[in-house]
Amino acid sequence: MLLLLLGMSFIVFASLYIAPGDPAQMVAGVAATEQDIEAVRISLGLDKPFLVQYGIYLKNLLTLDLGMSYTTRQPIIQEIAVRLPFTINLAVAAILIAIVIGIPLGILTALKRDTIVDNVLTTTSLFAISMPNFWLGTMLILLFSVKLGLLPSGGMTHFFWTATGFKQVILPAFALSTSTIASFMRIGRSAMLDVLQSDYIRTAKSKGLSQKVVIFIHALRNALIPLLTQLGTSFGGLLGGAIVTEQVFVVNGLGTYLINAINSRNYPVVQSTVLVIAAMFIIINLIVDIVYCLVDPRISLE
Amino acid sequence: MVNNRQKQWKTAVNKLLRNKLAVLCFAVLIVEILLVLLAGVIAPYQPEAVDASIKLAPGFWAQWSKDPIEAAKYVPGHLFGTDHLGRDVLSRLLYGGRISLAVGFCSTAMGLFFGVILGMLAGYYPKLDNIIMRFMDLLFTFPGTLLAMLIMAMLGASTFNAMLAISIWSIPSFARMIRGRVLQIKQEDYIMAVKSLGASDFRIIFGHILQNALPLIIVIATMRMASSLISISTLSYLGMGVPAPAPEWGSMIANGKNYMWQRPSLIVIPGIAVIITVICFNILGDKLRDILDPSLKD
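The listed protein sequences correspond, in order, to chains A and B. Residues in the first sequence are numbered from 1 upward in steps of one, following our numbering. Residues in the second sequence are numbered from 1 upward in steps of one, following our numbering.
For reference, chain A alone in the conformation it holds in the complex (with noise of 0.2 Å):
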C-alpha cells in the first residue's frame, strides 16, 4: 500500500515534470526578467536533477507541504482543505443515494428473476450506465431548477444532513450516483441469487421459517460481502466522477479546483489534486479491504 502511494507519487510527479511550459517563468510572471526566472527557478530548486526534485517533494509531502498555487501564491494544502469537504459531502451523498436505491432493488430484482419487474429494472439499470452523468445533471438541473423552480440549480455552502444543504446536493449526488447504483444492482442481483442457492438457505425455507426470515436475516448478511468490496471502487469512481459533477453544479470542490489548474496551467495544484484524490482511493479501498476481513474470516489479509 505504501508502494502503491510512494509510485502513484511518482507517476503524478514524473508527469508533470515533462510537462511543457517553464514552471519558474510561470510564478516570475510574464513581465519577469531573464535574472527574475533564473533566481525563481533557484529559490523553487528546480534547477536540480529530476530525482533530487523529486525526493524533496516527497520529503515536503511527508510534513503535508505541497507548495504554493501559481495563480494565488497561497499555500495549496490550505486551499484543498478549504474545498475538500465539499468533495466529499458530494461523494459520500451520492454513495448513499446508491446504497438506499441500489442494494434493495438488486435484491428485489434477484426476488424477481425473469419477471416483468427484473426486466424493467435491468433496462433501466443499462440506461443508467449510458448516460454521461455530465448530462444527466444538466437535464435535472432543467427539470428541477429551470423549468419547476424546486431545486438550487447549482452551488454548495452546507453539508447534506442539514436541509439547505439536503437541498443542493440532492441534484449533484443523484447525478453522480447513477452508474453506482447500477453497479449495486448488478452486484446484489448476482450475490442474492448466488446466496439464493446455496444449502443453508434450502435449510432454513425447510426449517419452515417465514419467507421474510430466510431472506433478511439469513441470505441478505452474506448477499452484502461482495457488495461491500463494491464499496471501495466507487467511492473512488465516485470521487473521480465528481469532479465533472462539481463543474455542472457550480461546487466548489476540489474537481473545480483541479479543472481550473489544468486550464491555466497551475501544475502545482494539479499535481496535488490529484494526488490528493488517488491517495484517499488508495486508503478506503484498504479500509474496505480490513472491514472485509473482518465481516467475513473466510478471508484473511495477505
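Calculated from the structure, these hints are not laboratory results. None of these values were measured; they are calculated from a predicted model. A few of these clues could be false.
To be verified - Chain A regions said to be covered by chain B (calculated; three or more residues, Cβ under 8 Å):
no.: 1; region: 90-98
no.: 2; region: 270-278
What the hints assert, rightly or not - Partial selection, computed: residues in chain B whose CB lies under 8 Å from chain A:
no.: 3; residue: F142
no.: 4; residue: T145
no.: 5; residue: A193
no.: 6; residue: K257
Where a beta carbon is used, it is the ideal one built from N, C-alpha and C, also for glycine.
Got chain A sorted already, so can you dock chain B onto it with the hints?
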C-alpha cells in the same frame, strides 16, 4: 480443427442474428456510422459556418408551437435549429459524431492493442506478471477519468491527446481481464500438448492463446467503446478534449449549457446522440457476452 472453429463462430453469429435487440442495436450503429461518414454529403451546412443573423433558432418542432413568435423563429433548412453562433445543429451533430466515434474507436483499438499484449505477457510469463500487474495496479489508483485528465494536463488539449489519454486509461482493465483469461487457458490440456510438440512461445501465445481469448476480447472491446465514448464527451465537456471550433457531442453540450434556458434542445439533442450510441454498444456487448463468453456473466 479449423472447420470446427469456423462452425463455432457461425453458430455465434446465428445466435446473435436471432436476438432482435442485438440486431436492432447493430443496425442503429451501422446507420449511425454511415451517417457520420457521409456527413460531408448529408450535412446541409459546414459545421463551423457561423451565421449571426439566425442565432439560437429553434428546430423543426417550433413549426407546431402555439407561440407564434417562437414558430416564426424557425429557419427552414436548419432542421435541428442553430446554436449561439448560428451554426447548424444537425451539421454539427453529424460532423461531431465523426469525431466522437473516431476517437472512441481509435482509443479503444489502441488501448486494446497494448492491453492485450501486456495481459498476454503477464499471464504467460510468471516473471513478468508481477512487474506488469503492479504497474497496472498503479494506474488503477487514479479513479474514473482522473488518469485521462492528468494526461491531458500534461499534454495539453487536442483531439489526438484525448485519444491517447483515453487509450492509456483503458489499458489496465484490458490487461487485467486478458491476463486472467490467459492464466485459465494456460492450464488447458491442449496448450500442454502444443507445448510438448515443441511450438515456440510466440506461436503458443499469438496462435493458440490469442485465438481462444478472442471472444473475450470482442466482448470487452465492445463494452469499452461505450465507456470511451462517454469519456471523450466528458473530456470535451470539460474543455480538455477536442478543441473549440470543432464539433464534438460533449463540447456541443458544454456550449449549449449556457443557453439552455432559451434553447434546451441544444443540450438535449447531442445528449440523446451520445446515449443512443453508448446504449447500443452496451447492449451489443451484453448480448455478445451472453453468446460468446457466458462465464463472464455475473
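- Query: Which of the numbered hints above does this structure break?
  - Reply: 1 and 5
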